[in-house]
Amino acid sequence: MTAALEVRELYMTFSGVDALSSVSLSVPQGTWMGLIGPNGSGKSTMLNVLSGLYKPRAGAVVVSGSDLGRVPARSRIKHGVCRTFQHPQLAASLTILENVMVGAVRGRGASADDETGLQWLARLGCAEYAEHLPAEVPYGVQKRAEVARALISEPSLLLLDEPAAGLSARERAELVAALREVREVLPDLTLCLVEHDVGLVASVCTELAVLSAGKLIAHGPTDEVLADDAVKLAYLGSRSTT
Amino acid sequence: MTTTVDRPTADPGSAPRRRRRLSDRAATTTGRGRVGARLATLVVACLAIFAFGQSSTPAIKYAVILSVVYAIAVLGNNAVLGLLGEMNLSSGVSMALGAYAFCYFANDGMGVVAAAVAAVALSTALAAIVAIPTTRLQGIFTALATFALAYAIPTLAIYMKEYTGGDEGTPAPFDFEIFGQLVSGSTTGMLVAALVVFAVLAAASLLMLNAAPGRAALMVGESELAGVTNGFNPRVIKVLVWTWAGFAGAVAGVLYALTVGFIGPTGFGFMLGVWILVGGVVAGARSAWGALLGGLFVGLVPVELQSYVPAEGTSIVFGVILLLALLAGGNGLAQWIERIGLLIKERTFGRKKVDA
Chain A
1 MTAALEVREL
11 YMTFSGVDAL
21 SSVSLSVPQG
31 TWMGLIGPNG
41 SGKSTMLNVL
51 SGLYKPRAGA
61 VVVSGSDLGR
71 VPARSRIKHG
81 VCRTFQHPQL
91 AASLTILENV
101 MVGAVRGRGA
111 SADDETGLQW
121 LARLGCAEYA
131 EHLPAEVPYG
141 VQKRAEVARA
151 LISEPSLLLL
161 DEPAAGLSAR
171 ERAELVAALR
181 EVREVLPDLT
191 LCLVEHDVGL
201 VASVCTELAV
211 LSAGKLIAHG
221 PTDEVLADDA
231 VKLAYLGSRS
241 TT
Chain B
1 MTTTVDRPTA
11 DPGSAPRRRR
21 RLSDRAATTT
31 GRGRVGARLA
41 TLVVACLAIF
51 AFGQSSTPAI
61 KYAVILSVVY
71 AIAVLGNNAV
81 LGLLGEMNLS
91 SGVSMALGAY
101 AFCYFANDGM
111 GVVAAAVAAV
121 ALSTALAAIV
131 AIPTTRLQGI
141 FTALATFALA
151 YAIPTLAIYM
161 KEYTGGDEGT
171 PAPFDFEIFG
181 QLVSGSTTGM
191 LVAALVVFAV
201 LAAASLLMLN
211 AAPGRAALMV
221 GESELAGVTN
231 GFNPRVIKVL
241 VWTWAGFAGA
251 VAGVLYALTV
261 GFIGPTGFGF
271 MLGVWILVGG
281 VVAGARSAWG
291 ALLGGLFVGL
301 VPVELQSYVP
311 AEGTSIVFGV
321 ILLLALLAGG
331 NGLAQWIERI
341 GLLIKERTFG
351 RKKVDA
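As they're listed, the protein sequences go chains A and B. Numbering-wise, the first sequence is residues 1 to 242 according to this note's numbering. Numbering-wise, the second sequence is residues 1 to 356 according to this note's numbering.
Simulated from the structure, these hints should not be mistaken for lab results. Since we're looking at a predicted model, the values are computed, not measured. Check the hints yourself; a few may be wrong.
[Said to hold, decoys possible] Pair by pair, the computed Cβ-Cβ distance ranges are:
#1 B:Ile340 - A:Ala110: 38 to 46 Å
#2 B:Leu324 - A:Gln86: 36 to 44 Å
#3 A:Gly166 - B:Pro213: 30 to 38 Å
#4 B:Pro213 - A:Arg57: 32 to 40 Å
#5 A:His87 - B:Glu168: 43 to 51 Å
#6 A:Asp18 - B:Ala125: 45 to 53 Å
#7 B:Leu156 - A:Ala135: 43 to 51 Å
#8 B:Glu177 - A:Lys78: 31 to 39 Å
#9 B:Ala148 - A:Pro72: 26 to 34 Å
#10 A:Lys215 - B:Gly85: 54 to 62 Å
#11 A:Pro72 - B:Glu177: 30 to 38 Å
We treat Cβ as the ideally placed atom computed from N, Cα and C, and that holds for glycine.
Turn these sequences into a full structure, and let the hints guide you.
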């Protein structure tokens, strides 16, 4: 079976500093993988490389068998790669629904209509904000609207960059519920979730990859990775089980 | 690798059926939506300007016609400012290109309509070519590039004497008639022609703002990262917006030549681009009918001010008005007028609830 995402010997350098160094991993279709690591470990860089915003110094990114090395960021949505951002990137002058529908224009769900957009917003628990401007809705709704925009493009690989950052406990719970709903509706969707909240990641992801100083130090089933001593040392700062 | 999942938290079938409708307040804030009402406002504004021009002295009528011509350039520049959030000081360049090309073709024996079409086509093509490198820049560097272009045009016009007449300038055709109406100078035919052209372009820009092209431009202008990752090519969209601005500027240039009857390098100085930009800021960069206010600001305010303040002081008053407009915030005078209209509507009929 072709892996949904395959990263081979990825290197990314900023001003001589390796942000990613020899990162290789393979993610089967339908897997929800959490990408964790301390600040500066290269998580967001990894997402930027996968989405094409950064061009790696070396290595390959293969999605569903297609090498995306020469595919620019704007064309990756047609290859089924879509993403969200740590800080919601919504057009301030478009309503929440209009922002969602932007994902359908160039994505693989080009035939999606407003009803589809509203259904995604409903699944993510924010349909009542469809007609509002981003500035008029809570931060958590903006984040979920970004997820809806990504989903309406019918991605095969969804990249979420810290979707829980800045959310209240209630909003985090709503986000987890919404993500579980998505997994139920789209069992073939492959997810790469960058998040600091390990509890949230563990609650929705079946696999974990851990980056530290640009290197992949662990990758495997969530329980096993969280029990790994090297991970505890590098990420949690302790060998003891908490 | 199985995971227990909760039941869905929301039933998609229960999603309320809605269109992409903006609330009154959102429409006022963004300058979008309420297309029918805004088209009606546009028609009313054009009729009001026509009535004002017809009831004024020839001198004021002439200034009103020029104001409408400037409004067309403001409309084009507003696309760059209001959609992309970029500063363009080269609207005067587009006007100069349109005006000079029109006069050259017309004086070379081409019919007036054919000369106008050829001039606008040539100027628009040049605008597209210039837009390609310009859109590689961002922020203040874009403004500086357009500043350099605007600064160079009068000198370039003098240098290209063979085509432009140099310092002496070049005459524009005077005997152009439509439906028996002379379209030049301060004639009623000229006023109607300028208003009709403005209304058509303003309606087109209003419809585009509320359709897919406008949403794509807003996406790129307000969040380029999201635009890129959602499949849009920001460079192409920016070049198209700048080309539209160049097109509107060229159309304004042709009408300017017909109105003034003569063009020279002093008519397209650097300050013209500044005034057009300021007109958009003061009146509202997102408002189609507001561009008419911007044109009036550019065409009438400096002229009228000279009646009350010394010539040296007009620039200062002009600057103070701009400063006040910026301090007032929002999206210019048009938005303030719409806000007041909304306030009156809410006080009279009550506030409409938009939440589900």
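How the hints compare with the structure:
Judged by the Cβ atoms, the range 38 to 46 Å given for isoleucine 340 of chain B and alanine 110 of chain A holds: they are separated by roughly 41 Å. A beta carbon spacing of about 39 Å between leucine 324 of chain B and glutamine 86 of chain A agrees with the range 36 to 44 Å that was offered as a hint. At roughly 33 Å, the beta-carbon separation of glycine 166 of chain A and proline 213 of chain B lies within the given 30 to 38 Å, and the hint holds. In this structure, proline 213 of chain B and arginine 57 of chain A meet the distance hint of 32 to 40 Å, their C-beta atoms being roughly 37 Å apart.
A hinted range of 43 to 51 Å for the beta carbons of histidine 87 of chain A and glutamate 168 of chain B is inconsistent with their spacing of about 57 Å. Range check, aspartate 18 of chain A to alanine 125 of chain B: Cβ separation about 47 Å, and the 45 to 53 Å hint holds. Distance hint for leucine 156 of chain B and alanine 135 of chain A: a CB-CB separation of about 44 Å, consistent with the stated range 43 to 51 Å. Checked against the hint of 31 to 39 Å, the C-beta distance between glutamate 177 of chain B and lysine 78 of chain A comes to roughly 53 Å, which is inconsistent with it.
Our hint of 26 to 34 Å for alanine 148 of chain B and proline 72 of chain A holds, since their Cβ atoms are close to 30 Å apart. The given range of 54 to 62 Å is broken by lysine 215 of chain A and glycine 85 of chain B, whose C-beta atoms sit roughly 40 Å from each other. At roughly 53 Å, the beta-carbon separation of proline 72 of chain A and glutamate 177 of chain B lies outside the given 30 to 38 Å, and the hint is violated.
Hints 5, 8, 10, 11, counting from the list given before, are not met by this structure.
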